[in-house]
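Assemble chains H and G with the ligands onto chain A, guided by the hints.
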Amino acid sequence: MKILVTVKEVSTVEDEFEIEGTTIADQYLGADLNEWDDYAIEEAVQLQEAGIADEVVTVTIGPEECEQTIRQALAKGADRAIRVWDDALEDVDLLDVGAKTAILRTVVEAEEPDLVLTGVQSGDDNWGGTGVSLAEELGFEWGAVVNHLEHDLEDGTASVRRELEGGVEELTEIELPAALTIQTGINEPRYASLRGIRQAQRKELDVHTLGDLGVDEGAVEGAVTVTDMYEPESETDATVWEGSPEETASELGELLREKGVAP
Amino acid sequence: MTDILAVTDHRRGELRDVSYETITAGRQLADETGGDLHVAVVSGPVGDFAEKLNREGVDVVHTVEYGEEFNHDVYTQVVTQLYDELAPQYVLAPNSVNGLGYAPAVANALDLPLVTDTVGLETDGETLTATREMYGGKVETANELTGNAVVTIRGAEWAGADGTGDAEIREFHAEIDEDAIRSSVTGFEEVGGGDVDISEADVLVSVGRGIEEEENLELIEELADALDATVSSSRPIVDNGWLPKNRQVGQSGKVVTPDVYIAIGISGAVQHVAGMKGSETIVAINTDPNAPIMDIADYAIHDDLFDVVPALTEEFQ
Amino acid sequence: MNVLAQTEVTRETYWGLSSTEYALFYLLATVTILVFLYGVYSRFTRYTAGDDDPFARLDNLASRIVSSTKIVLSNEKQFDRDLYGGLMHAFIMWGFLTLLIATTILFIDGYFWEPFQGSFWVGDFYLAYQFIVDAMGLLFVVGIGMAMYRRYWVRNERLWDRHTSSEDDIFIWTLFALGVGGFLLEGLRIYATGMPDHEIVSFVGWGLALLFQTIGLPVVEGTATDPNYTALGVLGFNAETFHWLAWWSHSLIAFFFIAWIPYAKPFHMLSSFANVVTRDENAGKRLPNVPADLDATNAESIEDFTWKEMLDQDACTKCGRCSSVCPAKASGRPLDPRNVILDLKKYREHRAEGGEQQPIIADGGTSVIDTETMESCMACMACMDACPVEIEHLQSFTRLNRQMTDQGDVDPGMQDVFQNVMQNGNTFGDSQRSRGEWADDLEFDVADAREQEVDYLWYVGDYPSYDDRNKKVARSLATILQEADVSFGILFDDEKYDGNDIRRVGEEFLYVELAGHHVETWDDCEFDKIVCTDPHSYNTFKNEYPEVDFEEFADDPMMPFDYEQRWNKDGEIDVYHWTQAVEELVDERRLELSGTELDYTVTYHDPCHLGRYNDEYEAPREIIKATGCELDEMPRNRADSFCCGGGGGGLWMEFDEEPKPSEERLREALEDTDAGSSIEKFVVACPMCMTMYEDGRKTGGFEDDIEVVDVAELLVEAIDAQEKAGLKIAAAD
Ligand SMILES: Cc1cc2nc3c(=O)[nH]c(=O)nc-3n(C[C@H](O)[C@H](O)[C@H](O)COP(=O)(O)OP(=O)(O)OC[C@H]3O[C@@H](n4cnc5c(N)ncnc54)[C@H](O)[C@@H]3O)c2cc1C
Ligand code: SF4
Ligand code: SF4
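Residue numbers (the numbering used here), protein chains in the order written: chain A, 1 to 263; chain H, 1 to 317; chain G, 1 to 733.
Just so you know, these hints were derived from the structure itself, not from any lab. One thing to keep in mind: the hints can contain errors.
30 Å max Cα-Cα, derived DSS-like pairs, lysine-lysine [as the list claims (entries may be wrong)]: (1) K329(G) - K345(G); (2) K259(A) - K277(H); (3) K52(H) - K259(A); (4) K681(G) - K329(G); (5) K259(A) - K698(G); (6) K265(G) - K345(G); (7) K245(H) - K681(G).
Pulled out of the complex, with its shape left as it was, chain A reads as follows:
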C-alpha cells in the first residue's frame, strides 16, 4: 500500500513584527514544518515500519526554499518527495483550498496512493479544508480531525477516532482509498537529525510545474483574494498591571484575596 502525505512549510512570526501590504515583513518571518503535517508524516512512517505501507511519498506545493523542510520529512522516513511550483504560482498571493485541490488532485492521480494523510490545518493560515476537499474531488472517502488510526488496514477499512469538541471522540470506520486529516497528539513525531537531513539529499525529490501536471494556470488563481492585513484592534478592556514582578504579583494577590479565593 502506498501513502501520500501532504507537507507544507509554514511561516512563523516573531513576537514583534511589521506588516507590509498584505503580508508580514520578511525579516520577522521564519519557516517551519507544519506541526500537523509532522504528525501525519510520523503516522505514515509508522505504518511503513509496521509493514502495512510499502511506500511513503510526500507532496508539497512551494518554492525551492522549502526543500529544507521537505528534507526534514524525508529524513523522518518518507521515501521520496514531490514538489510542485510554477512561475504562475509566484504571483498568487493566496492559494485557496480550491486551487490546492486542483493541483494535488493531479499528483494523487499520478501516484495512485491508497491513503492520503494531511494535517488538520496549517499553523499559519489555518484553512483546514484541503484534505476533505481533495478527497471529494478524487472520489476518495475521508475523515476529518483524526487522532487515532488503528494500524490494521487489512480489509480495506481504516478504523479511526475523530476528535470532537468537549473531550468526546467519535469511532468511525472509513473505507479506503481515503484521505485523513491528522490531528496533533496522534503519535510522537520523531526527530529529523542533521544526518538524516543530509542523507535525505540522496532521496528522490521531483519538481513539477503546473504544465507537467496538466493543471490549467487559471485554476490556481483562486476565487479568494486577500485585500488587507492588520493587527487586530485590541478589544481588550483588561486592567494591565505594571511594575516589577513583585509588584504585579502583589496586585494579583490582592485581587485573589478580594475575590475570596485565596488564603
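Below, chains H and G with the ligands without anything else, positioned relative to chain A:
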C-alpha cells in the same frame, strides 16, 4: 439568489450552541443581501430540533430525517441537494470538527469558493468580505470573493440567535445514495476522565506553551499549591504528555467556568478560548502584549512568567 | 628422582610423586596452557575483528606500558575513594604477583638452570625465597579474606547487581583455595619431612606444621630421606598421604584456574592491563568524530563497536565503582553505567553464540539498552574517573546517543532544543538579533570583536546571553574585564550555541555545523585568546574544535561554513575559562582587591566540565579567596564532585528524580560541610550549574537558607562595581 442557507450542528440528541450562532451570522448576511434565511437540520430528532431552531429571523427550517448522528457523507449529499433546490448565495456551516468534515466537500462538489474559520462577514450583495485570523490571531486579514460561496464561521464570534420566530418547517426529501456512504460511526467515547475534574474548580492556574519545558511545570504546581487551586493547561502541554488529558481546557478538552482563570503563557488560540471564556475573571500573564488572550482578559500582566509566577507563589507562602 | 645436594638447604618440588604421576602432571600442564592460549587468542581475534578505533591507542607503546604499569602496580585507582578496597586489591594483587614470580623462578631454575649448572634455589636464596613467599602469600590470603568479608558478610551493595554471577564466586573461592591450599601443602611437607630447622623461615607453613605436631598426625619413617619414596606406596592415615592429596588438589585447582582465565572474570588480569595501556588520556572530554560518510552507522549492531570498546567490556571487573559514583543512578534515573557496559558485553557474547539479533538501543524494552537509560546520562565523567581499569564509558555512551539521534528517538524536550539550534542558532529559539541585549544595562559599551581588534575574544554563551539569571553573571564578568582594563569584545549575533552538550546527546552533524560557523567567524577576527563564561564552551573549544575535520564537509551543501583547515591545530590560540584569565588579572593586581572585601562563608561546587574534564580546580578557588570569603569545601569536591544534573542534556529533559542532584548538593553544602548551616553562599562557575541550583533551591525549599552566586558575582561585589554592571540601582535613587 440572495438567500442564505445555514446548516446546524448537533450531537447525541443536543443541538450545539454554534448552531444558533450560525443562524445569527446567516440572518446578518440575509439582511445585507435582502434574501431569506434557510436553516437546515439533518439527522436525529429533526422535528424537535426544528422547533428549537425556529428563532427570530429564521424564514424556513428544512428537516432531513436520516439516521441519528452526524455522517459527513450524508451531510455532503443533503447540503448539495439543498443548494440545488434553494440556490442560496451563501452556504454557512459552523467551523466545528463536523463542519470541517463536510463543508470543504460541499464547496468542491458545487465548485464554489470556500472560506473557513471566519470571524466577521460582510457583503454588499456582490462581494463578500470575510475576516479571518492568521498566525494564531496575531493578525487579521480581509478576504474578498464575488459570487456564491461556502463559508464556515468560528464559534462564539456571533451571539446565539434567540427569541421565537415564525419559520415554516419543511421536510426535505433528500435522495441519499447509500453506496456513496463509505464511512460509519460505531460509537463515541468520553476521554479525559480521571481523578481531577477541572470544571469543578473555583480557581484554575492554567499553563501553556510559554512554560517551555516539562520540568518548569513545577513552578505552576507550586503556585497552585500555594493558592489551593487546580492546574489546567492548553492543548500542547497535553499533546506533549506533560499533563493528562483531563487537564486540557478548550474546544477538544473541557469547558470551564471558574471564578478565576489565570492563563500563564497561553496565547489564547480560539480553540483554547472556547473552553474558558465563560470564566468569571480572567487573568493573563504573557510576555506578548498583543497575544489574543489579552482580548478576553480582565486583568493582565505583560511580563515573563518565570519572574511573575515565583513572585506570586512567594506572596502566598 | 632428583638427587639433592644435601649440603645446602632446599626442598624437593615433586616430593613423593611417582614417575607416572609426574608425566600426568606434565600432560595436564600442557593441556592447561593450550586451553589458556586458545582462549586468549580467540579473545584477541575478536578485538581485531572489531571496528578501528578513532584514536591512536598503541602509539608510544613503551611509555604507555611504563605509565600503565605504574598505575596498575600502585593500585592508585583502587585506593581512590576507598581505602579498604585499595588495601584489599593491593594485597591480593601483590600477593598473587609474588606467587606468580616465585613459581616462574622455580620454573626457570628447574628447567634452565639446574640441569646445566645446578640449582640456584638453595641456601640463602632459598631461605629468602621461602620467607618472602610465605609473607606475601599470607597477605594474599588476608586480601582474599577481606574480599570475602566485603562480598558475603557486609554485602557491599556495589558488588551485587544483575551481572553478578557464579563466576564471581568461583573466582574468589578458587583464589582462596589456592592460597590456603598452598599453605596447607607447605605445612604438611615441613611436618612430614621432620620439620628441618631452616624451614622456620616459611613461618606460616611452620606454624601449620607445629599444629600437626600438636595434634599428633602420624608420619611414615624415612620418607624424607628415601630418594625412591612415592606417596602412593604409603597411602593411609598419615601426613604423607595428606601431603599427596594436597599436592594434587593444589595442582588441579591451579590448572583449572589458569585454563579458565581467558574465559571469565580472571581475564581482567590481562584485559584490564591491556585496557590501561590502550587508554586515551582525552577520553570523554574530546569525543570521537563521526565520518562524513552518510552510510556510516553508529550503533545499529554490535559490529559497530570498535575493538577498544569491546576491550572495555571485557576489562570490566564488575566492581561497581562507576555506578556507585554515578549521579544519575544516585538520583534514581534509570541508568547504571556498569550495567550498560556489561549488557553490551553479554549481548555480544550472546550473538557470538548464535543468539538472536536485537536492536542495540530503542524505546520500550525490546533492545539491549533502553533509550531512557542513555537520556539519563549527565556526561559528568564521574564513572570514568572512578573506574580502576580506565574504561571509557562515554565513548560507548556517545555511540549509543548518536544512534538514538540517527533513529529519531529523541526526547521531545531535546527535540525542541535541536530544532531551536537548527533554526535560530541558539538553544532558546530566540532571535539571534537579541543575543547582545544582556549588555544593555551596563554602564559602558561592549566592543564588537568583528569590527575591532581585541585581546580577549569573549564567548558569552547561550545562558548568559538569554537567561535572565545568567545575564547578571555576564554583566558581572563584563564589568570585571572592564575594570581590569583589558581589551575584549564579543561576537553579538555571530555567536551561536557552542555545541558541547548537543554533541554529547548525539547530534553530531549539528555540532559540526556550529563548530564550522564559529571557526569561520573567528578566522575573520583579530584577537589573542578566547575566554569563555561557560566551562562547556571552554571544553569543546579547547579540546574538540581543533580535532574536527572541516575539510571532510567542504562540498556538503548542508554545511554552510566555508572553512577547510584544522582550526588551532598547533594551539596558537589559547582558550581559557574566564576564571583562568581573571586569576591572572588578580595575580597581576589589575583589580583593586585587598583580600578583605567580603566576609561571607561560602562553599564551591566544581563544575564537571571545568574540574574533572579539564583539571582546573584552583583558579575559581583563588578568586573566591581573593575576595576575602571563607571557602569551606564540599565533602565531594574537585575530581569527586557530583554533577548538578544539567549535563548531557539534563538541563532540557524531565526526569523523575529522588533526590534531585541539585537539591542533594545544596543539602550537602548545608549539612555535610564543616561550616554546615552557616554557609551563606553556594558558589558556582558555570551557567548551567547556576540554572540547576537556582531551580533546586526553589524546589528543595532552600531559598531562605542559601544563595547561589557565580564566582563573577562575588568578585564584582568585592571590587564594588555592581552599579556599573547594572546589578544594583544607584544608591542616590
Ligand atoms: C481541531 C483543533 C482542536 C484544538 N483543541 C484545543 C483545545 O481544546 N485546547 C487548546 O488549548 N488548544 C486546542 N487546539 C490548539 C490551538 O490551536 C493552539 O495551538 C493552542 O491552544 C496553543 O497553545 P498555547 O497557547 O499554550 O501555545 P502558544 O500559542 O505557542 O502560546 C504560548 C504563549 O506563551 C507566551 N509566552 C512565551 N514565553 C513566555 C514567558 N516566559 N512568560 C510569559 N508568557 C510567555 C507567548 O507569548 C505565547 O503567547 C486545537 C487545535 C485544533 C486544530
Ligand atoms: S557520565 Fe556521569 S551520569 Fe553518565 S554514567 Fe557516568 S557517572 Fe553516570
Ligand atoms: S566499568 Fe570500571 S568501575 Fe564500572 S564496574 Fe566495570 S571495572 Fe568497575
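Okay, the hints, checked on the actual structure:
A C-alpha spacing of about 20 Å is found between K329(G) and K345(G), which places the hinted pair at or below 30 Å, so the restraint holds. Pair hint K259(A) plus K277(H) holds up; C-alpha atoms about 18 Å apart against a cutoff of 30 Å. A threshold of 30 Å between alpha carbons decides the hint, and for K52(H) with K259(A) the separation of about 38 Å lies outside it, so the pair is violated. For the given pair, K681(G) sits about 27 Å from K329(G) by alpha-carbon distance, which is consistent with the 30 Å threshold.
Distance hint between K259(A) and K698(G) is fulfilled; the C-alpha atoms sit about 28 Å from each other, no more than 30 Å. Under the criterion of a C-alpha separation no larger than 30 Å, the hint pairing K265(G) with K345(G) is consistent with the structure, at around 13 Å. Distance restraint check for K245(H) and K681(G): the Cα-Cα separation of roughly 42 Å exceeds the 30 Å cut-off, and the hinted pair is therefore not satisfied.
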